[in-house]
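In the order they appear, the protein sequences are chains A and B.
The opening residue of the first sequence carries number 1 in the working numbering; numbering runs sequentially from there.
The opening residue of the second sequence carries number 1 in the working numbering; numbering runs sequentially from there.
If you are wondering where the hints come from, they were derived from the structure by calculation, not from laboratory data.
All of these numbers come straight from a predicted model, not from anything done at the bench.
Accuracy of the hints is not assured; some may be wrong.
A few chain A residues that face chain B, going by a derived Cβ cut-off under 8 Å, partial list only [claimed, not checked]:
#1 Q89
#2 D299
#3 E437
Partial chain A-side listing against chain B, Cβ under 8 Å, derived [to be verified]:
#4 F85
#5 V229
#6 D262
Label pairs and their calculated CB-CB ranges [unchecked claim]:
#7 B:I155 / A:A429: 36 to 44 Å
#8 A:V42 / B:L38: 50 to 58 Å
#9 A:S361 / B:W145: 35 to 43 Å
#10 A:G172 / B:I155: 38 to 46 Å
A virtual CB, placed ideally from N, CA and C, is assigned to each residue, including glycine.
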Amino acid sequence: MQLKGKIGIGLILLVFAVSLSACAGVAPQAAAPGAPAAGEAVTITWAFWGSPEEKASHERVAAAFMKEHPEIKIDIWHQPWNDYFTKIQALWASGDPKVIPDVAFLWPTPRYAAEGVLENLDPYIEASGYDLNDYWPGLLESAKYQGSVYGLPRDIEVNIIYYNKDMFDAAGVPYPSEDWTWDDFLAAAEKLTQKDANGMTTVYALAAEGGKWPKWVNQNGGAIFDDYVNPSKCLLTEPASVGGIQFFADLMNNGYAMRPADLNQAGGDAAVFMSSQAAMILQNTSRVSAFNAAGMNYDVAPAPIPAGGKRWNGAGGAAWVMSSASDNKDAAWTFIRWLQSDGGGQTIYTQAGEIFPALQSVANSPAFMTDQPPANKQAIIIEAGASDVGGFGYFPEWGELSGSIIGPGLDLIWAGEVDVETGLTNICAQVDQFLAERGYPK
Amino acid sequence: MTLRTPPCSLFRWRPDQQWEGYLFILPSFLGFLIFIVLAVLMSLGISFSTWGLTGFRGVAGLANYQQLWRDPVFWQAFGNTAFYIVTIVPMQLALGLTMAVGLNQAIRGVTLYRLIYFMPVVTTIVAGAIVFRLLLSTNGPVNQWLAALFGALDIPFTPPNWLGSSQFSKWSVVILTLWKNTGFTMVVYLAALQGVPKELYDAAHTDGANAWQRFRHVTLPLISPTTFFLFIFQMIGAFQLFTEPFVMTQGGPANSSLSVVQYIYLAAFRDIRMDKAAAMAWVLFVFIFAFTLLQNFMQKRWVYYESE
């Protein structure tokens, strides 16, 4: 249908073009436009995905930029998340600079950098003296390929514990402290969980997506790979890694945490948290606006860490990239640089409550430190400060590896269909085979 | 060109008019050439190359096929697809025929029933999947009904996790597919049933055949060409199953409901491995082609054509 519509539009345009060119023969030449004025604006195309609300805030950002930089005009190319990647891939595959977006929002950067469609930003960063030290630790690694920066992450995913104060009060459980441990968490979970006569949980202490597992593994000193850029070995069978997965699996097997498949069926963590089916969720800052709009009595806390473990947050976030086929690279860099500046795009997105900023200076500015809930914003700063690599691989095949092997393998553990040791042994065997076949380590 | 109409000229072979014929088929033939033939040949070429987002990067020979051979997920997807074929195809034929026989009777409001049974075919699959996800959820109506049933029979019962366990996820896809497609089978069977000459039933009746014997020895052989068509059609459909697992379970958990076509899609658009995706598509094609040939060969044993 889509195609037919496009052919239809194409035909109309064709008829238009034919009739115009037919007119040109008889029309006087006076109407011919002169050469573009020296100061005329260059146009760059800016691609992003998002809901209508997110689109509106992107449009505000574009307007603010064009006000400051009248010499650059921003054309917006917007698609919903589901269509964005297939469509932008098709544009890049066409190789036509006229249709390829100059600046795009993208994840994961290394996958596309390896395809050669992205511009290496190192020369621009160096020439303009752009400061990379303001980024949270480890964050830029997610946008690097072969040691060079190919994208500037807009935000950083900071996973924290949201807790329902009313439910904590009702269960007589003290609010989480900054330095609570896994044992403190288990003690609280036991009191917060409610079960029916058959032992089935009716109210869960925790609802967390299955994908949040790297936090537990890394906190416990475990790891996925020996090297996240050029891996040679799966380390999920190491005792520390097994311990992290075991902690998460036990929460589910004991009825304290919702199994991810059930969570999915129940509508996701925001839904079960707002309907008080779960007293806590482990999630990034994207839920704040929904909970504030619902007027919930909640706050946030850093995640609990195991005795002898360390605080850890996975450093990653979608990034602004430049197409290597862009025909206005300098203007594109001016825009990206402005997007990623205190007082520029970073501040506007942060004020809109849409992101937790990639730049530490913006996180510590009034743009983030508002008097809106959650009260304990310091918890987010603490977790963000512990950001590091370890949540995912930075090599191009990571998406395939995690989507086809690691994620599905862990599904079996979360569903309680295999025990943790067996499940992880199977995963690592397949991961090692996958890496060897793709020629890793390179 | 003026139109002369001598007798029979319409049906006579006139070599001097051939070009007009070609002109008439040209638009759709060009479309077929570019969008089907060229695409198919390209995909064959891609499957023997290294091919990423921006195109050709080198000759790969059989490397993509060898990688598939060693890819456990591909075999799992193939096993799942085999499961879909051996469950969906016979169940759909049996259910569709039963419904068609039932709705071929002179009962009041039969048109309304036919309409109701056909409705899922024209319903959006995504909407259907959302309803079935609710029906099959852990505490959903289906499990409550099953619990009540088993409770009444005093049989110990653990409600199945239809969508969240690797044992049952394929069944929830099967249920959705049956709901969606059986109406089509029913309509085709209805047409076939109405084509069975009444005299044959009368003759069988006179010979003393009971209702089951009439069905077994008159109806079934006479509708066997339809069964053959539906069998091939549905087998190919089950080989190419995509939307149902995609919207129902996303292929999970643990790839337990992933179909081959879904894996092709993931390889192409998630992993940007057009080469591997093309290789899988060709392996799938070879399987479908072989099975269809086999069926075509086997049909002599059970398909009855009246004209023969």
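Hint by hint, here is what the structure shows:
no., hint, result
1, Q89, "holds, 6 Å"
2, D299, "violated, 30 Å"
3, E437, "holds, 7 Å"
4, F85, "holds, 7 Å"
5, V229, "violated, 18 Å"
6, D262, "holds, 6 Å"
7, B:I155 / A:A429: 36 to 44 Å, "holds, 39 Å"
8, A:V42 / B:L38: 50 to 58 Å, "violated, 37 Å"
9, A:S361 / B:W145: 35 to 43 Å, "violated, 59 Å"
10, A:G172 / B:I155: 38 to 46 Å, "holds, 41 Å"
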